[in-house]
Structure formats: C-alpha cells, structure tokens
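Trainee: Sequence:
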Amino acid sequence: MKNNINELIEKDENFDISKISMSALYVQLINVLLHKRIEGDNKVTSFYLNSVILFSSRNYRKLIKLCHKVLCLNKQKKINLSIMEEEYFYGYILTSYLYTGQYKKCIKYGHRFLNILNNEKNKIVFLQDKMAYFQIGLSNLYLKNYYESIKYFDKVIELMKFDKEVENMIIGNFAIPNYNYAYRCKGMAYLKIGDYIKAIDNFNEDIKINGNSGVVYYYKGIAYFYIKKYDKSIAEYQKSIKYYSNNFDNKIFVYNALIRTLIKCNKYDDIIKLHKSICKNILNTKVTLKYTFNFFTLFTLIFDTIKNISIDQEVINKLINTNFENQKSYFQKSNLYNYTKVNKDTLRNILNSQLWLSNSKTFNDPIDPYIKKNTYNKLNDYILEKIKVACLTTQNDNTLMWSHYADKHQGICVEYDIRKIINKKNIVIKRINYSNKMNIDDFFINYYKSILQNINIEIDNYSINNITDLFTVKSREWKYEDEYRILFYDKENKNTNGTLINLPIKSICFGIQTSKEDKKLVYNLVEYINENNRNKNGKKYERIKLYYAELDDNELFKINIKPYKHKNNS
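Residue numbers (UniProt numbering): 1 to 570.
No lab work stands behind these hints, which were simulated from the structure alone.
Since the model is a prediction, treat every value here as computed from it, not as a measurement.
Any given hint might turn out to be false.
[What the hints assert, rightly or not] Have a look at the derived ranges for each label pair, beta carbon to beta carbon:
#1 K562 / S353: 23 to 31 Å
#2 K307 / N352: 37 to 45 Å
#3 L283 / L159: 47 to 55 Å
#4 R348 / S56: 53 to 61 Å
#5 D381 / S277: 21 to 29 Å
#6 Q238 / I209: 39 to 47 Å
#7 D397 / E314: 30 to 38 Å
#8 N246 / I193: 30 to 38 Å
#9 N535 / W478: 25 to 33 Å
#10 Y480 / L283: 41 to 49 Å
#11 S353 / P563: 18 to 26 Å
#12 K229 / R61: 19 to 27 Å
#13 N535 / E477: 46 to 54 Å
[To be verified] For lysine to aspartate or glutamate, the following EDC-like pairs were computed, each having C-alpha atoms within a straight-line distance of at most 20 Å:
#14 K286 / D270
#15 K539 / D552
#16 K494 / E385
#17 K151 / D195
#18 K290 / D345
#19 K567 / E492
#20 K545 / E555
#21 K558 / E385
#22 K264 / D249
#23 K276 / D304
#24 K155 / D201
#25 K539 / E517
#26 K333 / D195
#27 K491 / E415
#28 K408 / E531
We put the CB at the ideal spot given by N, CA and C, even for glycine.
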C-alpha cells in the first residue's frame, strides 16, 4: 500500500486524496494533507502518509529514521514545514523512542522539542508541550528517576487544568495525555519511593477524574498494605477485582496481593474460599489465559501457606494445556543436535528414530529450571513430572559441549529433523533465553505496556509470563551453547522419569575420543537402518549420514566435522 501511495503522489500532480482507502488513521490527517495538496508540496504529503503507515504498523525504528530525515531536510531548507508540522514529526520521534524503550533518547529529544516550542513566538497551541512533558515523565519513571518523573507529571497536571476542553484531543496518531494519567503515573512514582500517603492521594485524584479503575484500586491496596492498614488494603483489592471483571489475567495479580494480605491477617478460611473461587473461574472461563506463570505463583503461594489444600489437577492441567496451545514453536533451522553418551538406551533410540525427553528433576544440566530452586514443592513436583524436556543445540562442533554432554568427547552427536514436530499437539520448541535477571510477577511493567498500546517494549531482562518460560532460561555465561529445548506436555505421565517422541535422524557424528567398539556398533546399526529404509521407500529414502570430529591442526580447540568412512580395523 505504501508504494502505491508514493506512486500516486509522484505520478499524478492533481492527486485526489479520496483515491486512498482511508482508515481512521488517515482521517485524522485529512485536513493537514489537503492543506499540503493546496500548497502543492507532494514530498511532505508523502512523508506524512509514510509516517502514518509506519506508526500504524508499529515499525517505530523506521519511523524514527524517517522523522529525523524530515526534520533534517527542513533544517536544510529543502522542504518547508510549518510549526504545526514540525511538532507533528517531533511528536512521532518522542513516541517512537518511548515505545522502543529508548528512554534516555526520549528525554533528550523531549527537552529539545520543548526548547523549540518555547522559542516559537507565534506557535499554534497544539498541546504538544503537554505530550512532551508526559513522555519525559514516563521515561524517567521507567528509568527509576522517580523524583524527576514527579516534576514532569506535575507540569502536565498544571498545564492540562487550563485545557480541559481539549484534554481528550487526538493529534496525528498519538493521544494527548489526559491528566488523570499524570495523576496515576505520579501515584506510581510515589509508591515506588515509599511515600504511600501521597501515592494514595494521587490515586484518589485519578478516581475522581477517571472513575472506577481496577488498576488504581490495586495500587491503592498495595499502598495501604505497606502502611499496615490491611483491612483497607483488602477492601481496595476487592474493588479492583470487581472492576477487572473482564480481564482474568489482571485479576490474578490482584488475587496474589489479596492473598498476601489475608496471610498477614491470619484469615486462612478466606484464603481457602478464594482458592475454590479461583479454581471454579479458571474451569468456567472461556477467555484465553495469557500469563499462566501468574497462576503458578498464585497457587504456590496458597499451597505454601496452607499445607492441607490439595492440588486441583484439572485446573493445573488446564493451565498447562492452555500454555502449550498458546505457545508457538520458535526455530531458525530445521535441524538441531543432541550430544549424548553411547549406551543401550541411545542405541535403542537411534534404531527407533526417537528422542528421550526427561523429567527435568533428573537433569545434569549446569542450570536447573527456575522452579527447582524455589521453596515450593507440591505444585513444582506436579509440573516437573507433567512437562518433559530434551536439550538440543544448533551446533555439532562445540568443544565445550562435546566435553559436558557427550561423555568428554567419547560419545556422539545426533542430528534431528525437527520439522516433523512443528505445530504438533502438546509439543513446543523454544530457544533458551540467556539472562542474568528475570522480571517476575511485574504488574507495573505489564500495565504500562498496556498504556503504550500493548506494544512489546524492548528490555534486557527476561520476563517470565508462562509456565513453559520456567524451563527455558539460563545464565548468560551459557549463551555459547545456543540451546533449544523441546517441551512435551505428558498428559498421561505413564513414566515419571521421561518419555520418547518420534523424531527423524539426519546424521550422527562421532566424538574425538569415541572408542572403536562404539563406532562399530553405531555404524552397523545405521547401516541396518539405511538398508531397511531403502527397501521400504526405494530411491526416495533419506539416508542417515555419519561424520567424525577431529581437532584442527592449525587452530587451538577448533573442531572440524568430516564425513566418516568405516574401516573394518577402525
């Protein structure tokens, strides 16, 4: 569509704006575009349309480049932007920096933008200064500069009080912040610095302006909790649950906080009632449960507090099943490698073209799943037995991995074709996330993502949102492994130690120290398999290939993989 618009603009000097199929986004710019058409400035019109397309498709990085280019051309006087138009492109820059998590740049260009606005003697009041103050404040909030953020939210509140008649106005594609959001954000800043009374005051101002809000009542509950007014905290959480009636995922955050408060008050009967109610809602809800990890933390908190509550297996199974149904397999290559020892089980798996997925409690892996390190036991054991795991990688020439996982170079490395299990029920392929920090149960980040149009803010820390995420995180020091994990939801759980899945084998590589006896065993087995496949499938059969690893003569620790040719005396 973008190219078609550009062609229309370039080819037709009498270009009619109505030729474009207008969405609501374009309607917002209709007056500006018509104004540019009257002046005959096709290039600026093209920039406008491109910016709309990039914003609506959330291609913020390209949008930043485009806007910088436009402002540079204007500075060089190659195009002529009005004050209003310059504000428009600056607004997109600030918004895009905010949406991509580039908070320091958002602050930098926000100040630059405010200087331009302040220097304009005859500027058109278009509320962009309020937007800039708000985005600078929000960026400081993300950067944990809480006192600085409060200053800018105060500025927004001060200015917006004089502009109530346009407080909900839309400019371009970005909404001018209604100052109730400023109160809300200011309250969050006070909550973060521990000034709970001021936090409550600002949340109350938000409620006066905006009406009942599940998220605001939630934060009021937190503030009351920290000043040990537990009854008021419980009351606020109950209001939050009421006004979160259509969002069960958000409710779970509130339930978590409510249960922690009930524990403080020793109201265990209320916790048991709440547990039953939550389980009933999970089984009855038709809404997709996006963040299954939040349910995990909720139930582990309950089970850790009240020992005689039994696990509702139907509920936990639904959460696991929902997680697997909602997850998409992620892979960049169609083949992955598994380093292993040579033993009877390995030979049997090769013969049957199968891969063993184990209960991760038996892992010899240097980094165990997060849940194994938690103090909770009952729910952990159930989940660890239900989700079986196999560890694979994208490389078969890694010296350290040969040493760690293939019996110190005496084992083999099996190459599997993973295409056969893509989108298969109860199986997910996930790449390991290497991170030294994890954002767990961080409602603050999730909430402000929703303010920013549910975008995925780019952050360094790995956020755990689903139960399966617990099985796919390691410290960054293991990043060299480039590991993938195949997760299998074993509903029947006939063998708690693990299970086998069918997976075609493409090749097998011998290690540097693989014994002659093991090479012979594997070679004869592969020859038997290849002969069987040839007899079954004729010329179309896929032959399992054999390779061997050897140290490079010139480069220290480098391993070369070469085709293997068996000799009777080798």
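Trainee: Starting from the hint list further up, note which numbers the structure goes against and sort them upward.
Mentor: Violated: hints 6, 7, 9, 12, 14, 15, 18, 19, 20, 21, 22, 25, 26, 27 and 28.
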